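Visitor: Each chain, letter by letter, is given below.
There are 2 protein chains.
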Amino acid sequence: MANVTTVPEVLTRARDLVVPAMRRSIDMLNPQLRSIAAYHLGWEDAKGESTGSDGGKGVRPALALLSAEAMGARGEYGLPGAVAIELVHNYSLIHDDVMDVDRERRHRPTVWAVFGIAQAIIVGDALAALAQQIVLDPRLLVADGQVLEGHQAALLLADATAKMIAGQSQDMEFEGRGHVSFDECLAMEAGKTGALLGCAAAIGAVLVNAPMTTVGALDRFGVELGLAFQAVDDLLGIWGDPKTTGKPSWSDLRQHKKSLPVTAALSSGESGVEELLELLAIEQLSERQIERCAELVERLGGRDATNELADTRLLLALDALDEAEILDDARRQFIEIAHFVVERQF
Amino acid sequence: MANVTTVPEVLTRARDLVVPAMRRSIDMLNPQLRSIAAYHLGWEDAKGESTGSDGGKGVRPALALLSAEAMGARGEYGLPGAVAIELVHNYSLIHDDVMDVDRERRHRPTVWAVFGIAQAIIVGDALAALAQQIVLDPRLLVADGQVLEGHQAALLLADATAKMIAGQSQDMEFEGRGHVSFDECLAMEAGKTGALLGCAAAIGAVLVNAPMTTVGALDRFGVELGLAFQAVDDLLGIWGDPKTTGKPSWSDLRQHKKSLPVTAALSSGESGVEELLELLAIEQLSERQIERCAELVERLGGRDATNELADTRLLLALDALDEAEILDDARRQFIEIAHFVVERQF
Numbered sequence: 001m002a003n004v005t006t007v008p009e010v011l012t013r014a015r016d017l018v019v020p021a022m023r024r025s026i027d028m029l030n031p032q033l034r035s036i037a038a039y040h041l042g043w044e045d046a047k048g049e050s051t052g053s054d055g056g057k058g059v060r061p062a063l064a065l066l067s068a069e070a071m072g073a074r075g076e077y078g079l080p081g082a083v084a085i086e087l088v089h090n091y092s093l094i095h096d097d098v099m100d101v102d103r104e105r106r107h108r109p110t111v112w113a114v115f116g117i118a119q120a121i122i123v124g125d126a127l128a129a130l131a132q133q134i135v136l137d138p139r140l141l142v143a144d145g146q147v148l149e150g151h152q153a154a155l156l157l158a159d160a161t162a163k164m165i166a167g168q169s170q171d172m173e174f175e176g177r178g179h180v181s182f183d184e185c186l187a188m189e190a191g192k193t194g195a196l197l198g199c200a201a202a203i204g205a206v207l208v209n210a211p212m213t214t215v216g217a218l219d220r221f222g223v224e225l226g227l228a229f230q231a232v233d234d235l236l237g238i239w240g241d242p243k244t245t246g247k248p249s250w251s252d253l254r255q256h257k258k259s260l261p262v263t264a265a266l267s268s269g270e271s272g273v274e275e276l277l278e279l280l281a282i283e284q285l286s287e288r289q290i291e292r293c294a295e296l297v298e299r300l301g302g303r304d305a306t307n308e309l310a311d312t313r314l315l316l317a318l319d320a321l322d323e324a325e326i327l328d329d330a331r332r333q334f335i336e337i338a339h340f341v342v343e344r345q346f
Numbered sequence: 001m002a003n004v005t006t007v008p009e010v011l012t013r014a015r016d017l018v019v020p021a022m023r024r025s026i027d028m029l030n031p032q033l034r035s036i037a038a039y040h041l042g043w044e045d046a047k048g049e050s051t052g053s054d055g056g057k058g059v060r061p062a063l064a065l066l067s068a069e070a071m072g073a074r075g076e077y078g079l080p081g082a083v084a085i086e087l088v089h090n091y092s093l094i095h096d097d098v099m100d101v102d103r104e105r106r107h108r109p110t111v112w113a114v115f116g117i118a119q120a121i122i123v124g125d126a127l128a129a130l131a132q133q134i135v136l137d138p139r140l141l142v143a144d145g146q147v148l149e150g151h152q153a154a155l156l157l158a159d160a161t162a163k164m165i166a167g168q169s170q171d172m173e174f175e176g177r178g179h180v181s182f183d184e185c186l187a188m189e190a191g192k193t194g195a196l197l198g199c200a201a202a203i204g205a206v207l208v209n210a211p212m213t214t215v216g217a218l219d220r221f222g223v224e225l226g227l228a229f230q231a232v233d234d235l236l237g238i239w240g241d242p243k244t245t246g247k248p249s250w251s252d253l254r255q256h257k258k259s260l261p262v263t264a265a266l267s268s269g270e271s272g273v274e275e276l277l278e279l280l281a282i283e284q285l286s287e288r289q290i291e292r293c294a295e296l297v298e299r300l301g302g303r304d305a306t307n308e309l310a311d312t313r314l315l316l317a318l319d320a321l322d323e324a325e326i327l328d329d330a331r332r333q334f335i336e337i338a339h340f341v342v343e344r345q346f
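From first to last, the protein sequence lines are chains A and B.
Residue numbering for the first sequence follows our numbering, starting at 1 and increasing by one per position.
Residue numbering for the second sequence follows our numbering, starting at 1 and increasing by one per position.
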């Protein structure tokens with residue numbers, strides 16, 4: 001597997017197109033909603049002062065632009081898809097932070113922690129509606145956008161959003177019960193994270209009227225990449241460095257998250273599973289108990305299994321990519337992004 | 001003005017089509033989300049037992065079906081629009097109840113009061129996504145739905161949803177400040193309530209490819225009707241009988257809602273405005289103070305002005321309807337619905 005340590009050029013290039021388009025989109029909101037969104041995106045502080053930052057690393061929007069280029073079209077034609085997906089992704093983060101009672105994200109207080117739950121709900125709702133408006137009427141962002149297939153793109157996005165929401169709902173249900181199998185967890189994360197990445201990798205192609213077989217292959221590439229990404233994310237959620245993740249140590253264990261490492265450990269059938277189940281049933285875990293959970297998950301093979309899953313799903317993603325009839329240069333960049341996503345430092 | 005005391009036949013007829021389609025739609029959700037939605041819609045109790053009820057009076061879906069019939073098409077062709085609007089309307093109710101900390105709706109505990117805030121957020125999100133899926137792919141509900149204009153209908157719905165959200169956001173902002181003018185309040189309610197009713201009155205016509213002028217006229221009819229409806233609703237929110245509204249007496253005053261009667265009173269310029277402003281600035285009003293607010297709003301003309309607004313907006317709605325080129329029989333039914341909406345008992 002190639003070792004990519006630098007940020008792929010395509011991400012930087014995508015950002016140059018996506019950041020101004022995101023700003024134009026957010027400016028369509030009313031002033032109250034706009035300023036909360038600008039806070040969440042890292043553009044402004046809680047007082048509305050500019051931070052000089054333009055937010056996130058933008059894997060999703062880069063995939064969206066690339067999937068238009070992959071069909072020989074201008075990357076700009078993927079822009080309505082890229083922005084819509086960023087909006088949906090950020091709406092889900094804002095709502096998830098309320099639902100998970102997370103007070104911090106990206107080293108900053110979350111929207112609800114600053115502005116309250118009501119504002120977090122309404123700004124999330126606003127971003128979701130804005131995403132649909134933009135993908136349905138690509139002319140809002142692309143001057144000659146009437147040639148773009150907004151209808152099919154909107155359907156792809158709505159389907160992915162529905163799957164993402166169902167995944168989040170399952171995730172919440174998992175927290176409330178004892179045993180969750182590794183397969184159940186995988187299915188949940190295919191929805192929660194995979195669906196939107198699949199949409200990202202295909203939406204640009206849909207906008208420029210790509211054939212269904214290629215759209216399907218790109219979508220599968222993104223879903224598998226999403227699972228690989230999520231495996232890495234779940235590892236970071238337990239063993240990630242708080243300085244890098246911006247979350248407390250063993251964050252997912254504190255929240256009783258039945259993540260991939262935990263469910264892999266629970267499905268191991270080895271001695272220690274009972275102790276782990278008992279610990280996870282305790283409502284308020286002490287620091288010692290949380291540390292013990294992390295030890296048990298590792299000893300029961302949860303960490304190794306999740307590392308392995310990341311590798312397998314990356315290979316499945318690359319297999320799916322092979323089936324897409326796309327330009328070679330785009331294929332190379334898709335592969336670069338895939339490696340970058342899975343090889344995040346922690 | 002005709003005095004319509006019975007429920008228009010079109011509402012009953014619409015319900016026969018919409019209720020089964022709503023059930024089929026809600027069944028597309030995963031089991032957790034489905035059962036919470038079924039609770040909210042009044043179909044099931046909190047334990048998942050059937051209540052034998054099929055929910056709401058369904059003015060919005062009736063308008064949607066009628067607007068397809070108005071163009072000479074089958075009412076069924078308006079069904080994806082009718083269901084999508086019901087879903088958006090209910091998603092907004094579920095989220096609004098969290099934001100407004102309302103524990104009761106339609107004589108029952110609200111979703112968040114039963115299932116918690118996290119579940120209320122996610123089920124609302126799920127209904128919003130489902131609405132878009134259904135309008136974008138009308139074949140989900142109508143066998144020969146591929147002839148329908150799902151793209152334009154989805155755009156109309158997304159625009160209306162965005163306006164509704166902006167209206168709710170303004171409404172929340174109003175609660176936090178002292179003076180809100182009558183015009184500001186009217187603009188807010190045009191978004192919060194008018195937009196979705198406008199969409200309802202036009203979406204069936206859009207689905208069957210009606211000309212833009214008629215779509216525009218029907219939309220205006222719905223927006224104006226929405227304002228008339230909201231005027232009545234705001235009167236009920238203060239002076240409505242708790243037995244009928246399912247909410248405590250003077251409910252909107254308890255919440256410091258800057259509703260139409262309150263803002264009309266505040267804009268009256270008469271003596272008493274200062275006292276009302278001072279009362280509304282008190283965070284926790286006593287029962288005596290709430291009663292005094294209601295007295296002041298009435299004495300300052302807020303009740304009369306809102307009654308008058310309901311009449312004016314009804315006339316404007318009927319004017320807009322005159323401009324729509326639609327079948328006479330549908331026009332008669334639109335008028336029936338309009339009177340029914342404004343002449344609710346209280």
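The hints are simulated quantities; they were obtained by calculation from the structure and are not laboratory data.
Please note that a few of the clues may not be correct.
Chain A residues, not near chain B, derived (Cβ > 10 Å throughout) [as the list claims (entries may be wrong)]:
#, residue
1, Leu17
2, Arg103
3, Ala118
4, Asp137
5, Glu173
6, Ser251
7, Glu295
8, Asp304
Rough simulated footprint, nothing fancy, chain B against chain A, three-plus residues with beta-carbon under 8 Å [to be verified]:
#, stretch
9, 150–157
10, 174–185
11, 196–208
12, 229–241
No experiment lies behind these values; they were computed from the predicted model shown.
Backbone N, C-alpha and C define an ideal beta-carbon position, used for all residues, glycine too.
Visitor: So, for every hint listed, does it hold in this structure?
Guide: Status of the hints after comparison with the structure:
no., hint, in the structure
1, Leu17, "holds, 23 Å"
2, Arg103, "holds, 15 Å"
3, Ala118, "violated, 4 Å"
4, Asp137, "violated, 6 Å"
5, Glu173, "violated, 5 Å"
6, Ser251, "holds, 17 Å"
7, Glu295, "holds, 29 Å"
8, Asp304, "holds, 31 Å"
9, 150–157, "holds (count 4)"
10, 174–185, "violated (count 0)"
11, 196–208, "violated (count 0)"
12, 229–241, "violated (count 0)"
When each numbered hint is compared with the structure, violations occur for hints 3, 4, 5, 10, 11 and 12.
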